[in-house]
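Once you have looked at the hints, place chain L on chain W.
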Amino acid sequence: MSQTNKWEEAEVRKNSSILEIASSAEGTLTRRDFLKLTGSGILITFLVGDPDNLLSLGQRQERPRENPEDFNAYLLVKEDGRIACFSGKVELGQGIKTSLAQILTEELDVSVEMVDMVLGDTALCPWDMGTFGSRTIKYFGPALRQAAAEAKAVLLELAAEKLAVPVDSLSAENGVIFDRNQPSRRVSYAELTQGKRIERHLTPKPTPKPVASHRIAGKPFPRVDAKEKVTGKAVYAGDVFLPGMLYARILRPPAHGAKLKSLDLEEVKTIPEVRVIQDGDLVAVLHPTFDGASAALEKIKAEFDLPEVKLTDENIHQHLEAMAPAGNVVDQRGNLEEGEKVARQTLEAVYFNPYVAHAPIETHTALVAIEKEEVKVWASTQRPFGVQSEVADVLGVPTNRVRVYPVYVGGGFGGKNRNRQAVEAARLAKLVGKPVMVVWTREEEFFYDTFMPAAVVKVRAGLDGSNRVIFWDYTVYWAGDRSSQMFYEIPHCRVVSRGGWSGSVKGHLFEVGPWRAPGSNTNVFARESHLDSLAAACGQDPLEFRLRHLAGNQRMQKVLRKAAEEFGWKPARTPSGRGFGLSCADYLGTYVAAMVEIDLDQETGEIKVKRMVGVQDMGEVINPEGAKEQIEGCLMMGLGYALAEEIHFRGGRILDLNFDRYEIPRFSWLPEIKAFVIDNPEMPPQGGGEPAIINVGGACANALFDLTGVRLNRLPLNRQRVLQALREKRQG
Amino acid sequence: MKQKISFNLNGKAISLETEPDRPLLWVLRNDLKLTGTKFGCGQGYCGACTVLVDDEPVRSCQFEVGRVNNRKVLTIEGLARGEKLHPLQEAFLKHEAFQCGFCTSGMILEALALLQKNPRPDRELILRALEDHLCRCGAHQRVVQAVETAAGNIRGGR
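Protein chains in written order, with this note's numbering: chain W, -5 to 726; chain L, 1158 to 1315.
Same shape as in the complex, but just chain W (with noise of 0.2 Å):
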C-alpha cells in the first residue's frame, strides 16, 4: 500500500487520533540521529496524542526503518537560553507557528524573540502526518503545554541548586529565574543549560500552569510571520534558487483519460538552452526561466486520443448515485417505522452540491536536488513528511537520504495533501542531473485539483402532532460522514453514509480529496436547509424551532443564542421576507453556528450577503485574535462555494482552469463579518481553522428562502439556478 493511501486510511478513520495514525506510516529519524542533532541543552521528548493507541498500533505494523516511538515531538532550552521547538507542523496561513509560540512563552516565561518554531523540517522534526483537520491546536497544543512545564521544572531545579533557594521561592521572567525574596539572586536559562546535556522525557505529566493564570495564552498574540509576509520577505518554495537549477514544464493531456497519439518533439529541440526530456509518460522543457520553459512548451506538437464524453456536469450526480457502496450507519436511534407512524407530516428532498476547487494562490511547486549525500526539497504542501518518502520512492532512495525544508505555503485547504509536482520534480531532477523546479500554472492547478467531491444527500424527516421533529432518515453520497450526525433531539434517526471524499474513487473522472472541513460542508448544508424546512412547515421560528430540538445540549444552545444577540435575530416565521438564515454544526468538537442577512438583485439573481456573524466554541482558546481570522476567512471564503464555485467539465476536460470562469469571493462581496469566540477555558483546545466554513451552504439558502419562500437544495446559488427559481416561482 502506498504511503498516501494509508495516509486515506487513517484519515478516514472514525474518531482516530493523530497517534494512531502516525504509527501506521514509517518514520525517519532515531533516537539516535536526535541525541546527536540537538547538542546541549535541555531536552523535552514528548508524545501527541495517547500512548496507548501508538504502542498498540506499532506492535501490529510492520514498522520497516527504527523510529521513536514514544516521542514524536521535541523542545529544548538552548545553550544560548533560546527555546526552540521542533514540528512536522507546517505554517500555511492558518497561524499555528504563533499560537505554537505563544503556549511556549507563556510556560517558560520567555519573550517571543526567544522562541524558534521549526516547522516540517524533516530532517529536524519527528514524522507528522500532515497539517489539516484543524488538529493542531487540538493535539499538539496540550502535548506542547505539558513539554514545556516539563521544561520549566527542570530549569527551576537546576536553578534551586545553583542559588542555593528553595524551588518554592523561586520565579521567572524573561528567561531568567530569581529569588522572590531576595531578586538580586537570579541566573538566566543560559547560565543553566550551558554544557549540559539532560533529557527528560515526559510521562508523569507535569502540571502546565492553569489556565486562570495564563497571561499570554487566550490573549491576542501578534503574528510571529507578519513582517516577513509585508515585506515579500516571507520565503516560499518558488522563492529558493539554487546554482544551476532549471525550470519545467510539463507536457499536460487536454482531458483526464487521454492518451498520447502523437509527438513532434523536432522543433522544440531546436532552441538554445531547452532541455527536452521525454521518459515514459514524461514530456518536459526545461529552461533556466519559467517564462523560457513556458515558451518552449508550446513548441510541442502532440495529438492526444480523447475519451468518449460520458459524464458532465450535468449528469454526475445521478451517476455517483448509482455507483455509491452500500456505505455503513453513522448514527441510529429509535426505530424510523415506529417514527413514520407517529409522523403528522413528512418533508423529503435531495441536496446536491458539484465539484469544488481550492484555489489557493500559490500554485504547486517544488524544487528538488539530488545530491551526494542528501535529496534537498522545497515544496508547497501540507505533508513534508509525505513528500520525503514520495520522493524517496521515485527516485530509489532511503527516505532519511531525503530532506524536506521548510519554507511558508500559500494556502492549502486541503489540496497541498497531494504532492504531485514534488514527485514530477525529482523525476526530472533525476533525469537532467540538475536541481529541477516545478511550478504549475493555474491551468495545470484546476486540473490536477483533488476536488471536493460532488455529492448528494437525501433526507426524509417528519413532525409529530406538537411540531417535533419525530424522526430524521439521513442518507449521504460521497461526501463522507463528518459533521453529519445528529445532534438535534430526534427519538427516531438513522444517517447513512455511502461514499467517502477521499481517494481516487471509481465513481469520480477525477481526483477528489480533502476540502477545508471535508465532508461537512455537504452534510451541514443538506441537514440546516431540511431542519428550515420542517421549521417553515409548521410555521415556527428557525431559531427557536432548533432551540426546541437542543434542550439538553447547553453548549449549541449558548452558541446559537451569542449569534442570535450578536446579529439582532427576531423570531419570525419564514419566509418573512427579512432574507436571515442561520446554520449550526458540529465540527469533530468544536461548535459553530453562523447567520446572515442577504440581498437579492431581482433582475441577474445575484445573492449580495450583507453581513455574517460567525460564533465558534472551540473549548480553550490560545490566540483569540488568530480563532477569529479563521472564521472571518472561513465565512468569507464559505461564499464561494455557497455563491459561485463549481466545476463544469465535459468528460475528463475540465473546462474551468482560470479565475476568469471559476469565480472566488472578491472584494466586491465583501460584507460586514463580526466573528465571537466563545469563552470555554474548561474544555481542551478544539481546532479552529474550518468549522465556521460549514455553516455558510446552509445559512445563505435559507436566507434566500426566509426572503424570497424560493428553496434552493442545489449548491451553488448562482444567478441562474436563483432567477430560474423566482421564474418557476411566479409561474405557479
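It cannot be assumed that every hint is accurate.
Sample of chain L residues facing chain W (criterion: CB under 7 Å; computed from the structure) [claimed, not checked]:
no., residue
1, 1179
2, 1203
3, 1261
4, 1287
Source of the hints: derived by calculation from the structure; they are not laboratory data.
Ideal Cβ positions, reconstructed from N, Cα and C, are used throughout, including at glycine.
What follows is chain L alone, placed relative to chain W:
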C-alpha cells in the same frame, strides 16, 4: 533578440540584457531574484504579481520587460526604508491583513497606487481598487481596514 534594458528599480538604476518580450514578472523573479512579487495565475486575473511602473499598478505577468525601459519600477522590496516599514506595511501588520501572505505584496502595491492618487479614498473606492486582487484565505475585511488605517496615518504625516 536580446536588448539592453535600463530602468529604475526600487530607487536604483539598473540595466540588463534580455529579450524585451519576456514578462516583467519572471525577469524580476528569475534574473533579479526579487521574489516578493508572486506568480498566481499567469493571465492577469489574480493580482498577485502586481508592481508599480511609474506609479501605475501593472500585472507583471502580462507586462513585457521592454516596456519598462527608462521607467521607474517599484516592487514590495522597495517599499520599506531600511527597517522602517511603509505605513501600508505597518497597517497590514497591525490589522493582520493576511493569512498565507501570498497575495499580500500585490495588494499593498495596488493600495499604494490608490493612496498616491487619492489620499482619502472611501470604502467603495478601496473595494473597487482591490476588486481584481484575489485572496483565498478570506482576509478581505482586514485588508480594507488596513488600507483605511494607512490612509489616515499617511495623511497624518506618520
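Against the structure, the hints:
{"no.": "1", "hint": "1179", "in the structure": "holds (5 Å)"}
{"no.": "2", "hint": "1203", "in the structure": "holds (6 Å)"}
{"no.": "3", "hint": "1261", "in the structure": "holds (5 Å)"}
{"no.": "4", "hint": "1287", "in the structure": "holds (5 Å)"}
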